[in-house]
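Chains A and B are the protein sequences, given in the same order. The opening position of the first sequence corresponds to residue 1 in the numbering used here, with each subsequent residue numbered one higher. The opening position of the second sequence corresponds to residue 1001 in the numbering used here, with each subsequent residue numbered one higher.
Note that these hints are calculated values from the structure, not bench results. Predicted model only: the values in this text are computed from it and were never measured. Ideal Cβ positions, reconstructed from N, Cα and C, are used throughout, including at glycine. Just to be clear, a hint being listed does not mean it is correct.
[Unchecked claim] Listed next, with one range per pair, are the computed distances between beta-carbon atoms:
1) B/L1123 x A/K82: 47 to 53 Å
2) B/S1165 x A/T2: 38 to 44 Å
3) B/L1123 x A/A281: 45 to 51 Å
4) B/H1003 x A/A134: 31 to 37 Å
5) A/S43 x B/R1011: 25 to 31 Å
6) A/K15 x B/H1003: 46 to 52 Å
7) B/H1003 x A/P105: 17 to 23 Å
8) A/T126 x B/K1137: 50 to 56 Å
9) B/A1134 x A/K15: 46 to 52 Å
10) A/E86 x B/I1187: 17 to 23 Å
[Claimed, not checked] Which residues of chain B face chain A? A few of them, derived with a C-beta cut under 8 Å, are:
11) G1106
12) R1157
13) R1169
14) P1170
15) F1171
16) L1173
17) V1174
18) A1177
19) R1178
20) G1179
21) L1180
22) H1189
23) P1192
24) N1193
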Amino acid sequence: MTHLLHVDGLQTHFKSDQHCITAVDGVSFHIAENEVLGLVGESGSGKSITALSVLQLLPASATSSATTLTYRGEALLSASPKRLREIRGKEIGLIFQNPLAALNPVFTIGEQLIETLTIRGGLSKTAAREKAVALLNQVNIPDAGRRLDDYPHQFSLGMCQRIVIALTLSLEPKLLIADEPTASLDVTVQAQVMALLKDIQRQHQMSMLLISHDLGVIAQNCDRVMVMYLGRIVEVGTPNDIFLNPKHPYTQALIRAIPSTNPNHKQVFNALKGEIPSPLAIPSGCRFHTRCPVAEARCRQEDPTLTACGSDGHLAACVLV
Amino acid sequence: MIHGRLRQFFRTPGAWFGSLFLGLILLMALIGPLLFHGDPHSFDLTVAQDLQSPNAHFWFGSDDLGRDIFLRCVHAARVSLMVGSASMLVAVLIGCGIGLLSGYIGGWVDNALMRLVDALMGLPMIMVLLIIQAIFKPGLGSVIVIIGISGWMGIARLVRAETLSLRERPFVLVARARGLSEWRVAIRHILPNAMRPVIVSAFLGIGHAILTESVLSFLGLGIQPPNVSWGGLLNNSLAFIREAPWMTLFPGGLIALTIFSLQLVGDGVRNSLEGDR
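With the rest of the complex left out, here is chain B (with noise of 0.2 Å):
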C-alpha cells in the first residue's frame, strides 16, 4: 500500500522536483547553519567587503555591511521553514477542533463557530496582523501564533465539511452502538478520517504561512535582528535593489522556489491520497 502511494505520489508531474527541492532546503536548514562555519551576523567594516557581487568566497554575494548573504539565507532558512511549518501546526490544531466541534454538535454551536468564521475570513488578515504585531513584541513564538491563529479558518470549514458527511456513515453509528462515548467517536473515529483533505492544504499553507511571514518581516513586524528570515534578508535588500540585486534575488528565489515546491508537494500528497479512497 505503501509502494502504490508513492509510485502515485510520484506519477505527479513536478512532485520530483519539489521534494528534491525541498529535501534540499530541509538539509541545508538542518546542518547547514554547522557545515559553513562563519557567524551570518559578523561584519567587518575595515575590509571593504560590502555589497559584492557573488563570487568564489560569496557564493550569494555580500550585502551592505558586508555579510555572506549565502550564510544569511542558510541561517534564514531554519527561521523561514520553522515559522511556516509551527505556525501551520498550530492553524491545523485550531482548525481541526473547531471544525470537528462544529460539524459533530451542529445545530446552534455550528451556526456561531461557522460565523465567527465568515468574520474573521471577512477581515483583511494583514491588516490585523500589523495590529497585533504592533501592540505584542515581535518575535518567533509571537509570530508562529499569530500567523497561525490567523490561517485556520480554512481548514475548519474542511473538517466540518468532511465531518458532516462522515458523522452519518454507518461506522460512527456503529461505534455509538458499541458504547463508546461521543468524544472518542468524534477524535478516534471521525477526525482520523477528515484528515486527507486536511493534509494536502497545510502542505500549500505552510508555503502561505512562509509568505505571510515574509510580508511581516519586509514591513519590519517579522523576526527582529539579529534572527533573520527570508523575509527580513528581503527587507534589507529594498534599498540596494538598483546596486546589488543579489541580495534581493537569492531570498526571493528562495522563497519563491520553495513556495513552488510545496505546491508540487502537496499535488504529489493528494494524488497519492486520492488514489486508494
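The following block holds chain A by itself, in its conformation from the complex (with noise of 0.2 Å):
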C-alpha cells in the first residue's frame, strides 16, 4: 500500500505578543490509500489544527513545520499558493463540524454548488446545474431539484451536513479530512451522515481522516485509530488494539468515560480528573502525568516517544507500557 499523505514532525506555533503556543508538536502520521484514520481526543488537543496544517489553511497567526509533510510525494509546505489550491477541494477535501456554519448564509445551495463546479470542476453552468442535482440526489436530498435554490437556513442540520458533503464530494477529492462531521447533530442523524459517508468513501475508494472526540463513532468506521493529547500522539493502532486493549492510560482513561446504556449498571462517572492543561504551561516530562491515575515520580522528567507495545503497529508513548 502507497502512502497517499505522509506527515513526519509536523509542529504548528501561534504566536501573538506574548506568547507562543505550540498546539501541534512533533505529530507523524501516515494514511494508506484507501484507508480510514481515525484522530480522537479532547477539545483542545490540536486535532482540528493538525487538519488546518495539512491543507495550510491556518489562521494569520499560526505557522507550521515539518521534517515531511507530502502528498502522493509532493511537498505541502513548500508548494506554491497556486498549487495549494489546486490540491484544495480536488486532491483534499474538507468537511467541517458546524454544517449550517460551513455554508454561505446569503447564497442558494445551489448557486454554492454551481459556482464549485465551475469555477474548479471547469464545467458549464448547465452542466453543472444537472450535476448538482445529481450531487444532492446522491446524499438523499429529496426533491433535489426545486430544493437547489434554497436558502441554507431552510435546511435541517442533518441536510445540511448531506449538503456539504455534495459540495466536497463535488471536486471528488481522494482524501476527505471529515472534521468532526456528526458533533452537531442528535444521534439517528449521526448514524445515517456517517453511513452516508462511510459509503462515499467505499464507492469513490477515497481516503478519510476522520477527527471526533465520539469513541463511539471512531469505533465504528476506522480502520486505524489515533489518540491525540495536547499537541502529541499518544497511541496509534487498529480500532480492536485501542478499544479492547489500551496501552495508555489516556486511551484508558477516555474509554473509561463513555457512559454506560444500561440502566442496571449504576456507574458513577468515571470522568477524567481536572482539565486538559493549558498549552501555555505544558507539563513537563509526559504531558499526562498531571492528570495520570498511575503517573510515577519518573513521569514528571520522562519525555516517552511512541513504541511499539504488543500487536504489530499499535504504539504507545507512555513509559509505564
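Now that you have both chains on their own, put them together as the hints suggest.
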C-alpha cells in the first residue's frame, strides 16, 4: 500500500505578542489509499489544527513546520499558493463540524454547488446544474431539483451536513478530512450521516481522516485510530488495539469515561480528573502526568516517545508500557 | 421571506411616511418635468411677476426674476436626488473596496488604510470640499465625485469591521478549502455578507450627501446655473428672505423632509434586515 498522505514531525505554533503556543508538537502519521484513519482526543488537543495544517489553511497567527508533509510524494509546505489551491478541494476535501456555519448564508445551496463545479470543476453552467442535482440526489436530499434554489437556513442541520458532503464530493477529492462531521447532529441523524460518509468513501475509494471526540463513531468506522493529547499522538493502533487493549492511561481513561446505556449498571461517572492543561504551561516529562491515575515520579522527567507494544503497528507513548 | 421583511419594514414607526414621501419626491423628479410644462429658467421682465406669494398660478410663489419656484423645485429635485444617490454610490464603491482590502488582508495594509481613514476623518471636510471645488470647474460630475470621495470613510470602517469577523467564519474557511481563490472568497463570499450595515448606512448617507451638496450650492460652489439644485434655490433666496420667505421655505422644507424620510426608511430597512439575522 502506498501512502497518500505522509506527515512527519508536524509542529504548529501560534504566535502573539506575549506568547508562543505550540498547538501541534511533533505529530507523525500517514494515511494509505482507501484507509480511514481516526483521530480522537479532547477539545483543545490539537486535532483540528492538525487537519488545517495539512491543508495549509491556518489562521494568520499560526505557522507550521514539519520534517515531511507530503501528499502523493509532493511537498505541501513548499508548494506555491496556486498549487495549494489546486490541491485543496480536488485532492484533499474538508468537511467541517458545524454544517450550517459551513455554508454561505446569503447564497442558495445551488449557487454554492454551481460555483464550485464551474470555477473548480470546469463545467458549464447548465452541466453544473445537472451535476448539482445528481450530487444532491446522491446524498439523499429529496426533491433536489427544486431545493437547489433554497437557502441554507431552510434546511435541517442533518440536511445541511449532507449538502456540505455533496459540496466536498463535487470535486471528487482522493482524501477527505472530516472534522467532527457529526458533532452537532442528534444521534439518529449522526448515524445516517456517518453511514452516508462511509458509503461514499467506499464507492469513490477515498481515504479519510476522521476527526472526532466521539469514540463510538471512531470505533465503528476506522481502520486505524490515533489518540491525541495536548498536541501529541499518545497511542496508535487498530480499533481492536485501542478499544479492547488500550495501553496508554489516557486512552484507558477516555474509554472508561464512555457512559453506559445499561440502566442496571449504576456507574459513577468515570470522568477524567482535572482539565486539559493550558498549552501555555505544558507539563514537564509526560504531558499527561498531571492527570494520570498511575503516574510515577519518573513520569515528571521522562518524555516518552511512541514505542511498539503488543500487536503489530500498535504504538503507545508511555514509560509504563 | 420577502413578505416577512416587508412586514418588519412597515412595522417601523414612520417608515410608512418616509417611503410615501420619498416615493412622491422620486415620482416628481422622474416625471414632474414632463408633467408640468414650462421652462424653469425662463423669466419675463415685461410682466410684473416677480416675488409673487404662492397663488393658483405659482403654487410655490415666484422668485425675483419671476420664475416659478414650484417648477424650479421639481427640476432641482432631479439634480439633488441624482447627486445624493450617485455620490453615495461612489462612496459605497470606494468604502467597500478599501474596507474589504483592509479587513481581509490585515497586517500593515490594514494599518496603513485605517490610519488614512482616521486622517481623512480628522479633516474639516467642508473646507477640503471648498478648496477642491475652487480648483476644479464645478459641475454635476465633479460635485458627485467630490462628495463621494469625502464620504467613504465611515463605510470603509463598517466593511472592515464586518470583514474581520466574517473572515473567521467557517464558511470562509470551507470556501478556501474548496480551492477558491482569495479574491473570489473576499468578493463573492465575504462582501455580500457585509452588506447589511452598508445598505442602512447608505440610506442615511444619501441624505447627508444631499445636505453637503446643498451647502456647496449655497456657497455657490455646487451645481452651477442655469442648472439648479435645492441648495442652489436656497442660495438664491438668501437676499429675499424677508420679502419672499416662500423662496426659502419650499426648497428648505423639501431638503429637510427628504432627509427625514431617508432616515425613516433607513430605520425601516435596518429593522427588516435584522429580522432574519
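Do the hints match the structure? See the list:
1. Here the CB-CB span from B/L1123 to A/K82 is close to 42 Å, at odds with the stated 47 to 53 Å.
2. Hint check: B/S1165 to A/T2, Cβ distance near 42 Å, so the stated range 38 to 44 Å holds.
3. The hinted range of 45 to 51 Å is satisfied by B/L1123 and A/A281, whose Cβ atoms lie roughly 49 Å apart.
4. One distance hint, 31 to 37 Å for the beta-carbon pair B/H1003 and A/A134, holds here, with the actual separation near 33 Å.
5. Checking the proposed 25 to 31 Å range against A/S43 and B/R1011 shows it is violated: the Cβ atoms sit about 42 Å from each other.
6. The given range of 46 to 52 Å is respected by A/K15 and B/H1003, whose C-beta atoms sit roughly 50 Å from each other.
7. Taken as a hint, the range 17 to 23 Å holds for the pair B/H1003 and A/P105, whose Cβ atoms sit roughly 19 Å apart.
8. For the pair A/T126 and B/K1137, the supplied restraint of 50 to 56 Å holds, since their beta-carbon distance comes to about 51 Å.
9. Judged by the Cβ atoms, the range 46 to 52 Å given for B/A1134 and A/K15 holds: they are separated by roughly 51 Å.
10. For A/E86 paired with B/I1187, a C-beta distance near 20 Å keeps the hint of 17 to 23 Å intact.
11. A cut of 8 Å between beta carbons decides the hint on B/G1106: the least distance to chain A is about 6 Å, and the hint holds.
12. For B/R1157, the interface hint is violated, the least distance from its beta-carbon to any beta-carbon of chain A being 21 Å, above 8 Å.
13. For B/R1169, the shortest C-beta to C-beta distance to chain A is roughly 6 Å, which falls under 8 Å, so the interface hint holds.
14. With a least beta-carbon distance of about 4 Å to chain A, the hint placing B/P1170 at the interface is held under the 8 Å criterion.
15. Using the Cβ-Cβ criterion of 8 Å, the hint placing B/F1171 at the interface with chain A is satisfied: the shortest such distance is roughly 5 Å.
16. Taking 8 Å as the C-beta contact cut-off toward chain A, the hint placing B/L1173 at the interface holds, the least distance being around 6 Å.
17. With a cut of 8 Å, the hint placing B/V1174 at the interface with chain A holds, because the nearest CB-to-CB distance is about 5 Å.
18. Of the supplied interface hints, the one on B/A1177 holds, with its beta-carbon coming within about 4 Å of a beta-carbon of chain A, less than 8 Å.
19. The restraint placing B/R1178 at the interface with chain A holds, with a minimum CB-CB distance near 4 Å, inside the 8 Å limit.
20. With its C-beta approaching chain A no nearer than about 4 Å, B/G1179 sits inside the 8 Å limit, and its interface hint holds.
21. Hint on B/L1180 holds. Least Cβ distance to chain A is approximately 6 Å, under the 8 Å limit.
22. Taken as an interface hint, B/H1189 checks out: its beta carbon lies about 5 Å from the nearest beta carbon of chain A, inside 8 Å.
23. This hint holds: B/P1192 has a C-beta 5 Å from the nearest C-beta of chain A, less than the 8 Å allowed.
24. Look at B/N1193: its Cβ gets to within about 6 Å of chain A, closer than 8 Å, so that hint holds up.
Comparing the model with each earlier hint shows violations of hints 1, 5 and 12; every other hint is respected.
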